[in-house]
Amino acid sequence: MNTGKTADRRVNETEIEKLYAFTGQHYVAYYDVQTELVDHLANAIEAQWAINPAISFDEALKIEFRKFGVFGFTTILEERQAALTGKYNRRILAEFRRFFRLPKIILVIATVYVVFQLLNRSDYPDYSILGLFVITFFIEGIAAFLWLNKNKKQQKITGKKWLLESIMKNIYFSFPLLFLSNGFNIIYQIMNKIEMGFRTILLFSILLVLLYLFLYIRMKILPKIFQEEMNEIVKKHQIIK
Amino acid sequence: MHKKIMYIGVGKNQEMKNSQLYKGSLNTIIMRLLEENGRMYGYEITQKVKEITKGDLNVTEGALYPALHKLEAEGFLDVEMEKVDNRLRKYYRLTASGEQETVNRLAELETFIKNMQVLVKPKFQI
Numbered sequence: 001m002n003t004g005k006t007a008d009r010r011v012n013e014t015e016i017e018k019l020y021a022f023t024g025q026h027y028v029a030y031y032d033v034q035t036e037l038v039d040h041l042a043n044a045i046e047a048q049w050a051i052n053p054a055i056s057f058d059e060a061l062k063i064e065f066r067k068f069g070v071f072g073f074t075t076i077l078e079e080r081q082a083a084l085t086g087k088y089n090r091r092i093l094a095e096f097r098r099f100f101r102l103p104k105i106i107l108v109i110a111t112v113y114v115v116f117q118l119l120n121r122s123d124y125p126d127y128s129i130l131g132l133f134v135i136t137f138f139i140e141g142i143a144a145f146l147w148l149n150k151n152k153k154q155q156k157i158t159g160k161k162w163l164l165e166s167i168m169k170n171i172y173f174s175f176p177l178l179f180l181s182n183g184f185n186i187i188y189q190i191m192n193k194i195e196m197g198f199r200t201i202l203l204f205s206i207l208l209v210l211l212y213l214f215l216y217i218r219m220k221i222l223p224k225i226f227q228e229e230m231n232e233i234v235k236k237h238q239i240i241k
Numbered sequence: 001m002h003k004k005i006m007y008i009g010v011g012k013n014q015e016m017k018n019s020q021l022y023k024g025s026l027n028t029i030i031m032r033l034l035e036e037n038g039r040m041y042g043y044e045i046t047q048k049v050k051e052i053t054k055g056d057l058n059v060t061e062g063a064l065y066p067a068l069h070k071l072e073a074e075g076f077l078d079v080e081m082e083k084v085d086n087r088l089r090k091y092y093r094l095t096a097s098g099e100q101e102t103v104n105r106l107a108e109l110e111t112f113i114k115n116m117q118v119l120v121k122p123k124f125q126i
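First to last, the protein sequences are chains H and C.
Position 23, counted from 1, in the first sequence is what our numbering calls 23; the numbers after and before it change by one each time, with no gaps.
Position 13, counted from 1, in the second sequence is what our numbering calls 13; the numbers after and before it change by one each time, with no gaps.
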């Protein structure tokens, strides 16, 4: 691209390292996001040198950073996080919808029927339902910590932090945390107030099956998608695994 | 003579109020540029817009990157990384669905411009 540069002064490797450190100091911890910003800043600094070769690296950087506005890189980072979270939520929903097409929907209905029959025949359907919710919470919690452990190992291999890892961490931990904060209490309050009739048991049977479906997608399908994308990102950034 | 510059994105400039007219079209501008140039990187896009509009339109960093990232997350853009000099550069290019979306958005924009022209043009009666 012709940027009208006349001078040949380029941002050197030490300065590139400085730019990475600079983005880190301005709350961008993820290598993939940093990389794009570093290239942008380097291009802009070189364009300044083309007009005014006497300007120092630090001064040129200061001028360029001001162009990012009062919030600096934060807006860019937050918007990227929101875009990626939306992408993976859509992915989860798409997987979820697959269970409501033939032939899988038959399996879902059959599972609801079995859960309903078991709860309906139980002497204590309310405690059974509560118990199933607690089990879900524990599985979610264990899976989240297993994932965190695996992720730490991956981080050690690449030596970098990646935005996708942070998004996945939120996806894995949001549900157990929601449960831990107030979710379980809300369910307990509902159970105390309502009468356990045919309709209530059916409703909770459906709810529990839907919950376990989400659990299955997040624990079985999502890690595969995550790993594939993570490998792709690391490969693209030329970090040898 | 002071040249009036239109800004897309965040800034403190007085001319910012004009940016509202352009904001909704930023994605279409990006997609159109990528359609024309194949692949581009962020800084290149800002410079290209400046060059084409002879400096009248300035796409700010705070608006450009969120727009690019959103289009990427929606599957309209694909990304490739390349080592240029001593750093990594992120290039964007349109995906197949992005190409289709560009056609749709350009058609939509054209209709919008036509309608606006009809609405704001003074009517001449004989």
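Treat each hint with caution, since some may be false.
The list that follows gives simulated cross-link-like pairs (lysine-lysine, DSS-like), each with its CA atoms no further than 27 Å apart [said to hold, decoys possible]:
no.	chain 1	residue 1	chain 2	residue 2
1	C	Lys83	H	Lys62
2	H	Lys160	H	Lys104
3	C	Lys48	H	Lys236
4	C	Lys83	H	Lys18
5	H	Lys236	C	Lys83
6	C	Lys70	H	Lys224
7	C	Lys48	H	Lys161
8	C	Lys70	H	Lys169
9	H	Lys87	C	Lys70
10	C	Lys83	H	Lys160
11	H	Lys160	C	Lys90
The set of hints was computed from the structure by calculation and includes no laboratory data.
Handout entry: Given hint Lys104 (chain H) paired with Lys160 (chain H) - CA-CA distance at most 27 Å
Key = Violated. Lys160 (chain H) to Lys104 (chain H) sits at ~40 Å, over the 27 Å cutoff.
Handout entry: 27 Å limit on alpha-carbon distance, applied to hinted pair Lys83 (chain C) and Lys62 (chain H)
Key = The hint holds at about 25 Å.
Problem - Satisfaction of hint between Lys90 (chain C) and Lys160 (chain H), Cα-Cα up to 27 Å - result: holds, 18 Å
Problem - Agreement of Lys83 (chain C) and Lys160 (chain H) with the hint, judged by alpha carbon distance not exceeding 27 Å - result: Roughly 18 Å between the alpha carbons, so the hint for Lys83 (chain C) and Lys160 (chain H) holds.
Problem - Pair hint Lys83 (chain C) and Lys18 (chain H), alpha-carbon separation not exceeding 27 Å - result: holds, 18 Å
Problem - Pair hint outcome, Lys70 (chain C) versus Lys169 (chain H) [Cα-Cα no greater than 27 Å] - result: The hint holds at about 20 Å.
Handout entry: Given hint Lys70 (chain C) paired with Lys87 (chain H) - CA-CA distance at most 27 Å
Key = holds, 9 Å
Handout entry: Pairwise hint evaluation, Lys236 (chain H) against Lys48 (chain C), where the allowed Cα distance is 27 Å at most
Key = This hinted pair holds, its Cα atoms lying about 25 Å apart.
Handout entry: Pair hint outcome, Lys70 (chain C) versus Lys224 (chain H) [Cα-Cα no greater than 27 Å]
Key = holds, 23 Å
Exercise for the section: Assess, step by step, whether the Cα of Lys48 (chain C) is no farther than 27 Å from the Cα of Lys161 (chain H), and give holds or violated. Expected result: violated, 32 Å
Handout entry: Pairwise hint evaluation, Lys83 (chain C) against Lys236 (chain H), where the allowed Cα distance is 27 Å at most
Key = It holds: about 10 Å lies between the C-alpha atoms, which stays within 27 Å.
Violation of the numbered hints given earlier is confined to hints 2 and 7; the remaining hints are satisfied by the structure.
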